[in-house]
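J.: So the protein lines, in turn, are chains A and B. 1 is the number of the first residue of the first sequence in UniProt numbering; add one for each residue after it. 1 is the number of the first residue of the second sequence in UniProt numbering; add one for each residue after it.
Among the clues, some could well be false.
[Said to hold, decoys possible] Calculated pairs, DSS-like style, for lysine-lysine (alpha carbon to alpha carbon, straight line, at most 27 Å):
1) Lys-203/B x Lys-263/A
2) Lys-263/A x Lys-131/B
3) Lys-203/B x Lys-107/A
4) Lys-81/A x Lys-107/A
5) Lys-131/B x Lys-267/A
6) Lys-37/B x Lys-263/A
7) Lys-131/B x Lys-151/B
8) Lys-269/B x Lys-263/A
9) Lys-267/A x Lys-151/B
10) Lys-269/B x Lys-36/A
11) Lys-4/A x Lys-112/B
12) Lys-263/A x Lys-151/B
13) Lys-239/A x Lys-131/B
[As the list claims (entries may be wrong)] Computed spacing ranges between beta-carbons, pair by pair:
14) Arg-250/A x Lys-330/B: 43 to 51 Å
15) Asp-103/B x Asn-304/A: 51 to 59 Å
16) Thr-197/A x Gln-88/B: 52 to 60 Å
17) Lys-277/B x His-151/A: 41 to 49 Å
To be clear, the hints were calculated from the coordinates, so they are not data collected in a lab. Just so you know, even glycine gets a beta-carbon here, dropped at the ideal spot from N, CA and C.
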Amino acid sequence: MSDKEVLLEVKNLHIVFDKGKHKFVAIDDVSFHIYKGETFGLVGESGSGKTTIGRAIMRINEVTSGQILYRGKNINGKISKDWDKQITQKIQMIFQDPMASLNERAKVDYIISEGLINTKNFKDEAERQQKVQNALLNVGLLPEFASRFPHEFSGGQRQRIGIARALVMEPEFIIADEPISALDVSIRAQVLNLLSTIQQRNNLTYLFIAHDLSIVRFITDRTAVIYKGKIVELAETEKLFSNPIHPYTRALLSAVPEPNPYKERDKVVEIYNPLQHQYELAPPSFIEIEEGHYVLANEEEIANYRTLRTVEVSE
Amino acid sequence: MKQIKSRILAIENLVITFTLRGQVLTAIRGISLDLYKGESLAIVGESGSGKSVLMKSIMGLLDKNGSIAQGQIIYNGMDLALFNTEQQWLTIRGKEIAIVTQDPMTSLNPLKTIGKQIEECVVLHQGLKGKAAYTETLKLLTDVGIDDVEKRYKQYPHEFSGGMRQRIVIAIALACKPKILICDEPTTALDVTIQAQILQLLKSLQQKYSLTIVYITHDLGVVAKVADRIAVMYAGDILEVGHTHEVFFNGKHPYTWALLSSLPQLGLKGQPLYSIKGTPPNLFKEIKGDAFAPRNPFALKIDYEVRPPFFQVSDTHFARTWLLDPRAPKVEPPATLQAFFEEGRQYANER
């Protein structure tokens, strides 16, 4: 798998929010990389820091220490104006709540072209309009919607506008922060399908931030599980779901409701107790337990996980 | 599970309309539904399907511009649809039927300690005073799984996490000693791990307090976990009702099929997920026939013209679709679902 091109790399990222005396470590030594063309999932509970990572890549949150590299070049801290402009265009974001993320006073035409105007990424008015039209068509909306206001649209349509706004910039990398959590069940499927279609058509890479594991399993190629600012496990999605190792991942997976009343009632929900680790003497590190499968653990735990695995496999 | 079940609440041919800017919107279009003592009923539907409106009408909480145009809600020999004063509703609301709302972040008073908020209900509904009310409050807090109750009693809502607040909201509902508890999307605002705990809590409280619980939700995973029976709602009508396993594994209405097929758990990776075409109907307009027909790939001609009656599938399972008419062509559910149904049958056989 080494032939894959790494598009984005996060190295030893720390983000600390401090306000006077109070310090809060939101992201604690997080490292991962995202290959070009894949969908990388980031799952965790609310408050785990998953959105903060997304925002750091968008350069909305300042990085305390560590690096974020895009195509091998640093994008945090001081960077050249030209690179800054490129990044602004290449990395786009889709937000959670389409009811809150669109400017109610602006027409769809302006909402979609705002990014274009900011980066002056068009020759003349005709080209701008053409780009807006294409973006609307790309997400399955009609070009004449450009002259309407957001309140005239349903939730699903509004989310499509949010996606069109990202697409018009011709990005390479899209951060989708819970893009379907606020949508209805029947609309979710439509938006998920749309995201897959435009990924193939426009050759996009996604960072998919979510708390709904059933959706993550369906759409992502690799997944990282984050707990209190630390990535506790990272693997190919199927591997992670079929063979979770870290106790937190196991607890999280056991809590996902399944649409099967028989299975659901027999299921035992595991509860994660962070005190079960003895990290005072032997601090944990991020260890590759099998190819492409990383776990946060200390050596003793790794040994335990290994024996546990062999037992499970031999059964 | 052959028990003689007694009806605790019966809704009959209920029609609810709202007046908005001179236009009339029909939110509930002739629903009949029975609620049995001690059961958990889940009402499943998309937003705008009328599931919350239906439950609000039972508690007399409809907005001012809404009214019951037709039908009956029979509870304890009384017809709640005829209630028109706040006085009458106060004999039902809280005392007999209580509600747990969706967002625990907004349903508590931020300026009062949570102890006082629970005690308020204990005093009002159980008639206890002073020391007795305090002890009862502490007992309720313990029952909903809160530790260190004496200290917690004196704390304010902002000192609690989302899951803890939802537990407090549940305690407030229980303080009224209701017979029926309505849970309106009780876990939508919570994390999955917390969701599992809250659902577990509701299940154990149901036994302890011998409650009848109505869950309003759009999450079929939640339904699978807690519900005995399911009613599927669409555009102000109930399209299918039956025992949980009947609706899940032997669903008959194409809308039920569509809901199940659009679950990512049943999708195949790399292939597009089944999605329902189009949008729900405009309720300002009169709906002819089956409301789902325009989005239904299996729709028959009659679906556009005549509202289907409830066809009986089993003693407990009914579906409102013309496909069950003996004259209708035989239609098989989509392929992905057939595998799912088969899996369900296997589980059922193992039991």
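J.: List, from low to high, the hint numbers that the structure doesn't satisfy.
T.: Violated hints: 2, 3, 4, 5, 9, 11, 12, 13, 15 and 17; rest satisfied.
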